[in-house]
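What follows is the residue order along each chain.
Number of protein chains: 2
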Amino acid sequence: MNAKKKGLAPVAGFRFVGLAAGIKKKAGALDLGAIVADHPVPTAAVFTRNRVKAAPVRLAARRLRNLQARAVLVNAGNANAATGPAGEDAALRTTALFAEALGCAEGDVIPCSTGVIGHVLPIEPFERAMPELVAALGEDATTFSQAILTTDKGPKVAERTFRAQRRDYRVLAIGKGAGMIHPNMATTLAFAVTDAPLEGTALRAVLRAATDATFNAISVDGDTSTNDTIVLMASGKAGGKPLTGPGERAFEAALTEALGEVAQAIVADGEGAEHVARIQVEGLRSTKDARKIAETIATSMLVKTAMHGCDPNWGRLLAAAGRAGVSFDPDQAEVTIGDVAIFRDGATLLDAATEKRAAAVMKRPRYSITLRLGGGPGTAHYDTCDLGHAYVTLNADYRT
Amino acid sequence: MNAKKKGLAPVAGFRFVGLAAGIKKKAGALDLGAIVADHPVPTAAVFTRNRVKAAPVRLAARRLRNLQARAVLVNAGNANAATGPAGEDAALRTTALFAEALGCAEGDVIPCSTGVIGHVLPIEPFERAMPELVAALGEDATTFSQAILTTDKGPKVAERTFRAQRRDYRVLAIGKGAGMIHPNMATTLAFAVTDAPLEGTALRAVLRAATDATFNAISVDGDTSTNDTIVLMASGKAGGKPLTGPGERAFEAALTEALGEVAQAIVADGEGAEHVARIQVEGLRSTKDARKIAETIATSMLVKTAMHGCDPNWGRLLAAAGRAGVSFDPDQAEVTIGDVAIFRDGATLLDAATEKRAAAVMKRPRYSITLRLGGGPGTAHYDTCDLGHAYVTLNADYRT
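Quick note, the sequences are listed as chains P and A, same order.
Residues in the first sequence are numbered consecutively from 1, following this note's numbering.
Residues in the second sequence are numbered consecutively from 1001, following this note's numbering.
If you are wondering where the hints come from, they were derived from the structure by calculation, not from laboratory data.
Note that the Cβ used here is the ideal one computed from N, Cα and C, for glycine as well.
Check each hint, because a few of them may be wrong.
[Said to hold, decoys possible] Examples of chain P residues toward chain A, derived with CB under 7 Å:
no.	residue
1	Arg51
2	Gly315
3	Arg323
4	Ala396
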């Protein structure tokens, strides 16, 4: 959705801001944003599993051990990654500045950074921007959704409502990312806020489940960044008791939908991507097995180039499935593209007419590829995009 | 080396042949070859770990359980993969034809196929070619080295001699493969013969070690094929007792060198490849850890596109290392390209002059990238090539 045109409906208990602080090279580019709760609220986060973690990721993880925060401070244009002790210091100082301006504890400000790697985050832009950053806080998250972008084509926002305890609750999810597509401009960031009441431990459990079903099931190029972070905050302002049981599950469903929409927008924004395919894998012994195969197919360069060429290449799909390290019987495999079956019982079904129909499906911006590999209960999916010349052009460019 | 011009020196106890049987579409293209020993000799093989194995791979694995064979029958142009029971039958029938023509047991003929997937291997070209295939057998392996190629730019041959038991022994290695680069034209095949005497079990152990150090440490695009096979035969014709101890190790060294040369030629032949880099990883707790990191870097699309752009992008190298699932301290990391250090003690060393020097190294056809990630004893290497537009063009082409 286009956040610019219509603005975003508020979520009770949260204010947002986004402005141009001069962190990005381009003059006037929005590059600093914040989400601020009225007071410290239950907050959970998931972080990159990469062993090389940026300074803000390490600081955020430490600060969120108590599952509580007042604010998230996000900058684009500089990832503050691989910056050693000076980077740690910069993360501490910039969040201290914001805590002072807000009048809250430093430990209640969560830092997120995205942008170029290997340069220590400069403090000065934060010092200069701080008065405006607090003064401009408002209910509309639109400028925030713009200020966190790097190589993205546009903002990525999704809204959901869900019902529990006879109330309507709201979920707002905002993300950025287009794969690790541009030299050193890595990172997926996502932020979700809700006016529902939840305790920190429930929040963490729901976020992990929702992340597994969404952000952990997408691939642009298989690389993970030093800064990937998803933060979830719950103000409880819409009233009621902390959600558990069916209410918690309703929240999880709404959050999964919202994060899923943002994640899909990130895959579709992969540079050079013209097609997004959902790799659906079924019939394995376990979900874990199905997931391994789906991920291997989704990150195969040969599958992704075949997608680019709209080539219903079942050989590459099966060969990728075969090297996932999971046991299955290829002679029982069934491969379907959209609604066109192209392989069954150990042999291809492709004749000229079928091939034409399958290729037509692959010309669509979105379609599914389904591999049924046995009779087991394990299923999983993984969203991926095609690999085209634009990816090579962008990523082979000399670092700027 | 160019096998065409000067011919290949014989290896006592083996004859070779390569001819045009009409399996490939292109008229007159060499596409059928064989290696024949004077009688059944110790033979070992390693096969693709892909769960989707072609019919010839399954048959070859069964027949080599006794570690003995008389001949290898290799065709290019058709992989006989994903062909179900009809494919099994074709593998059986074609090898039976050759066994009959040679006058040996069917079980002593090892089939290898490479080419398009999903089409049952036709028998007729084999029937027609059989008299000539046997009649044309000779000591020079040149036509054989040509007949096994698919999208390769040229033959890949390496020769070594080694000394043991006061004798000079010869090793000849012949391979094909250019990554899974062309639609459905997959597969790495390699064949090595020696006139040294070895028992089957020793042969198998030596082949596994040599393969791990060579073919299992190269990557064009991270995909493995349904048909990958390496066969090693020992005639013993140069005399002496079966090699053990130091003699066996001398053979392993020579075989590793020969297979290494063929493997490097395959990486350099990756379509669109302009650069081959040896990813050298050092200082880990174990070889296994070092290998995991080397492999993750070598198959990273972001690293491979940075190679294409001659970009000394340490951020991508470290980020790829970081997601390999191995523990190391990034603040102790040291990254060197050729002899140019670009990252040390958690910070980049790149200034304009250093960057220029590192980029100059990356313009070479071959260079090394070394990551020292701690003080441990674990080291490993992995050879990889750059990812350029030619790869996308070739692989996104509609299947022909």
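To see whether the hints hold, each was checked on the structure:
no. : hint   : verdict
1   : Arg51  : holds (4 Å)
2   : Gly315 : holds (4 Å)
3   : Arg323 : holds (5 Å)
4   : Ala396 : holds (4 Å)
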